[in-house]
Amino acid sequence: MLGLGIVKGLIETARNFLGSYVDKNRLVTVQFPEERLPVAEAARNFPFLIYDGVDPEQGLRCVACQICEKECPPRCITIEKSKDKKPDFVGKSQFYPAVFDIDVSVCMSCQICVEVCPFDAIRMDNEFELSTTDRFGGLLWTKEKLARPNEHYLAIHPTEAAEVEARRAEEKAQAEAKKQQAAVTQ
Amino acid sequence: MSQVAEDIMEISMGPQHPSTHGVFRMDVRLEGERVLRLKPVFGYLHRNHEKIAENASYLAAIPYTDRLDYLCSMTNNWGYALAVEKLAGLAVPERAEYIRVIVAELTRLQNHAGMVGFLLQDMGASGTPLMYAFTQREKVLDLFEELSGARMMCNYMRFGGVRVDCSPEWLRQTAALVAAFGGFLDEFEQLLTGNEILMARTQGVGVLPQELAINAGVTGPGLRASGVNYDLRKVDRYGIYERFQFRVPLGEHGDVFDRYMMRVLEMRESVKILEQALRDIPSGPVMDPKAKVRGLRPKVGEAYARIESPKGELGFYLISDGTPNPYRYRVRPPSLINLTVLEDMCLGQNIADVVVILGSIDIVMGEVDR
Amino acid sequence: MRQMSAAFLILAIMTVLAACAAMTLRGLVHCALALAVAFAGIGTLYLSLGAQFLGLAQLLVYVGAIAVLIVFVILLTRGGDSDAGPLVPTRLPITGIVVATTILALLAWAVFHSSVIHFPASPVPTATVRELGTVLMAEYVLPLEVIGLMLTAALIGAVVVAMKEKQDPQ
Amino acid sequence: MLDGIAVDQVFVSLKHWVLGYSPAAIEPAVSILLTILPILLVFPVLFALTTVLERKGLGRIQNRYGPNRVGFFGILQPMADALKSLTKEDIVPASADRTVHFLAPLVLLAVAFLPYAVLPIGRNMIAANLDAGVLFFFAIGAISELSVFMAGWSSRNKYSLLGAMRAVAQMISYEVPLLLSSIAVIMAAGSLNTVDIVNKQAGFSGIFPHWYVLTPWGFAGFVLFMISATAETNRSPFDLPEGESEIIAGYYIEYSGFKFALFFLGEYLGMFAISGLGITLFLGGWGAPLSFLTWIPSWIWFFAKLLGLIIGFIWVRGTLPRLRMDQLMNFAWKFMLPMALVIVVSAGAWRFLPQGVTRWLISTLFLAVAYGLLARGVETRNKIAKRTYRFAE
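These protein sequence lines are chains A, B, C and D, in that order. Taking the working numbering, the leading residue of the first sequence gets 2, the next gets one more, and so forth. Taking the working numbering, the leading residue of the second sequence gets 2, the next gets one more, and so forth. Taking the working numbering, the leading residue of the third sequence gets 16, the next gets one more, and so forth. Taking the working numbering, the leading residue of the fourth sequence gets 22, the next gets one more, and so forth.
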């Protein structure tokens, strides 16, 4: 019968029209500024550097080993090693980055830098409202803008951060034990 | 002023044409509304993907494969990872194989739904089928974001497994989506498949004969719509596809309606595969522990691996000279090869059909231009 | 002469102007459009005189069909943009004017001396559509059917000619 | 409570009340003005409401909200659209034919407003009670093709020309079924005067009204009338002239700013006018649908039915893809035209057969047989067939 398919189609749109008033999972629109979807835990946008404790300079975990600079596919990270050293969380004196820039306009948030970083110094943030009017300076993030406290990392990626904390605490404990043991043998 | 009616009219559709999927141009010579000649012009989105991959390490090339066919990043990753695993001889743990099948079939669902939505949009249905398809696609993309961190640029697969294991909660959400997808497909078909206007606009339009499809190297739903039984999941049995029971739909006429039905029926088959995969996914590691993340230096040699991506046979050909970056990195783009038969299908058709035929091939310019 | 109402005056001037424009305008499509305006003017004149059916038929047939037909013909034969030749044949304007005035004078004399002018204005016949219909179907049913037949034959003839034309070029 | 008649005639008495104040000399002019002014106000406001209704309706069909930012629930959206179209720059292409380019929207608008003269909006609320009202409506409808052609031709642009030719061809070929499907009603009502047609449908038997749509040939005629009305006003399944995906925006590509808005106003007014005629011919004009509802004023029923038809247009627009040019033409000449003739025959049979079941059976039989044969004709010509698919293991 000629018109039957069209009528069935009309019934289908009518069902959707009425459905959108009746059950919630048909009407899927989220009114963005007022309503916000919860951000997925694993969501990633641009990297940030983690520092322990209070002082971003002292507590910065990054030891400027430049692995992430080499591995980053679009080469958007530029690091300059410092001349002197500072102690890291286990007490070993390490270099630290004098300059650590990420050109956010080049970064494609692929999080390979996070994967290859042996010191858990860089993680992916999920902040996405980052529009700036300044196309060049505004998008070249320096070390100061990138540094974030460890609590922020614990807040946005809880499960992953918990594992990292556990591992670091255990490493610290081992280092302490070795130090006592070294002190005892002296 | 232009010649009119019986004289020849040259029209160039695109690259700013509302219905060429991405930046693509067609120089069409028309007699009245009938197409005499059609010259596809592409290359607007060429980003030198293969040269970049040759200068970068194997690991660094993975995020770039996301951007090949930017609607199905998971299957692109899998194709590349499969090629490198064949080259470097890496084994993949069981659970990772299951996760790969699950995310690949999810990608197929959202790609086919999107394709049908865009096809109807080209036919003039003012966005309704597209909105229904995108509602489902958003649900799949949310799952990808839960799993890999990004909706479309997942960068999820690594050589010898996958980057992150999926949580039981994620598996439960996926099972819920797969269970609801059948209902969506029934509603979708009720709106579209019986529709006389859709049948009139697509049946007998843009016919791709069987031998032309085979000779031109067309693969994927376009080939199966012309009746050729060639699905890499059955031919190559790559990954663990031989463990799942599913069927491959075949068309007879090879016209736009058959290509549309191929997508719909393949979505139903993918739902079957997903149900079986979600049921018997084992636990265990997702990454081969001894596979190094950085500095992969496969031994000298070459490898070609291909998978059944939603667009067709997506192949990666790698030549390694022992250094950390590949000597030659070549992608077999199904969209580009399926596009070569566009003119043969459009000759003699109406200008309104050219847009519909292009929509039925389902091309993504990222993969065509690389 | 009956007292001319304002509306009639405006319509008459509009129609005459449109008719002149249809002759004198340069672009072919402009002429066609001016012609359509003239047809519409005549239609509304009929309406103002109370001949409803005739006025509406005029609007429907002339403006709706014939004007569109002319425009289509111009469009299909690509005449739309070719500018017409010089408007007035420059060589012999005088003889043209002389001939025109003599004919006009002759006509004017005939009209004013004919007996029709002196009749008192006959009452306006109120022919409603219903009576037209019954008369058409009663007394004049044969001519109506013959015309119908002729029109259909013309229609089929046109289709056959168009069909043959489409076969030839192949 | 005000008795029904007063409320029903509130506008008529309002007009007479105002007329009383005007000096005698210009009384006819003032009375004409008082009839025209409401039409010029009410329908553009209805146009504004319909744009919001359309976008929200389409939105809800597609499971999204539709405009809800401007004003409460998006009510002020048409104000925003109007302001936008007013402030937008009005670009006229250099090669365009300026006068015709400028005149096209004006002619379209004039022709769009004229048909309202013969539509009976309420009990004795009709602008011009012409003896041949329906004929006037179709005469004016025929002129709108000229304005579409003027717009398409004067923009001197390939796409707009293609769009104009498509539009004119479509309008001409769908005018014939439009006329023929209304002939059945004129035959049954025995008059071309719209008020007579409405009065003929005014009676009630039991609680059901004597509307023509409730007779078999009337229902088929109404469906046919609405399909050709959709085609006549270039609305959804037939919006080929502005087929976005093929030839961008058809004949009004080169119009921007306020002229573009005028085209939309013209299109929507055309839609209301044809729906108004559909209501008058088939749905009993301002008659109440059920006998016990006659206390509601007559003009409310007219606008309620108009709203119903507008919702129908929006609903169809949200569902159906577009027809191709040749299919559209075939459908008009090979399905709609013969079907309309069969409707006329069935209406004739209905008129001369005695009351009761036989009348129903025979006229429905005419229609069913014709529909079956013609539908099969459409399907074989377009080679439409349900298909089954085989699966390989």
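Hints were generated in silico from the structure; no laboratory data involved. Among the hints, erroneous ones may be present.
Unchecked claim - As a list, the in silico DSS-like pairs of lysine-lysine whose alpha-carbon atoms are at most 30 Å apart: (1) A:146 - A:87; (2) B:52 - A:179; (3) C:179 - D:355; (4) D:404 - A:9; (5) A:87 - A:180; (6) B:293 - A:71; (7) B:291 - A:173; (8) A:71 - B:52; (9) C:179 - D:404; (10) B:293 - A:93; (11) B:40 - A:9; (12) D:355 - B:40; (13) A:25 - D:77; (14) D:407 - B:273; (15) B:235 - D:407; (16) A:173 - B:273; (17) B:273 - A:25; (18) B:40 - D:404; (19) A:82 - B:40; (20) A:179 - B:40; (21) D:407 - A:9; (22) B:40 - B:291; (23) A:93 - B:291; (24) C:179 - D:179; (25) D:179 - A:9; (26) A:71 - B:235.
(message) For a C-alpha distance cap of 30 Å, please report whether residue 93 of chain A and residue 291 of chain B respect it.
(response) Holds, because 28 Å separates the two Cα atoms, which is no more than 30 Å.
(request) Could you grab the alpha-carbon distance between residue 179 of chain A and residue 40 of chain B and see if it respects the 30 Å cut-off? (result) With a Cα-Cα distance of about 74 Å, the restraint between residue 179 of chain A and residue 40 of chain B is violated, given a limit of 30 Å.
(message) Can you confirm whether the C-alpha distance between residue 407 of chain D and residue 273 of chain B stays at or below 30 Å?
(response) holds, 25 Å
(message) Checking one constraint from the list: CA of residue 179 of chain C to CA of residue 404 of chain D, max 30 Å. Satisfied?
(response) holds, 25 Å
(message) Just to be careful, I want the Cα atoms of residue 146 of chain A and residue 87 of chain A compared with a cutoff of 30 Å; is the pair within it?
(response) Satisfied, since the Cα-Cα distance of roughly 21 Å is no more than 30 Å.
(message) Holds or violated: residue 82 of chain A and residue 40 of chain B, Cα atoms, limit 30 Å.
(response) Roughly 55 Å separates the two Cα atoms, so the pair is violated.
(request) Starting from residue 25 of chain A, check that the Cα of residue 77 of chain D is at most 30 Å away, please. (result) Holds. Residue 25 of chain A to residue 77 of chain D sits at ~17 Å (cutoff 30 Å).
(message) Check the hint pairing residue 173 of chain A with residue 273 of chain B against an upper bound of 30 Å on the C-alpha distance.
(response) violated, 50 Å
(request) Given the hint that residue 71 of chain A pairs with residue 52 of chain B, test it: the Cα-Cα distance must not exceed 30 Å. (result) holds, 18 Å
(message) What's the verdict on residue 71 of chain A and residue 235 of chain B, does the C-alpha distance respect the 30 Å limit or exceed it?
(response) The given pair, whose Cα atoms are some 41 Å apart, is violated under the 30 Å limit.
(message) Need the status of pair residue 40 of chain B, residue 404 of chain D: alpha-carbon distance at most 30 Å?
(response) holds, 29 Å
(message) For residue 52 of chain B and residue 179 of chain A, compute the direct alpha-carbon distance and say whether it is at most 30 Å.
(response) It is violated: about 50 Å lies between the C-alpha atoms, which goes past 30 Å.
In terms of the numbered hints stated before, the structure departs from hints 2, 11, 12, 16, 19, 20, 22, 25, 26, listed from lowest to highest.
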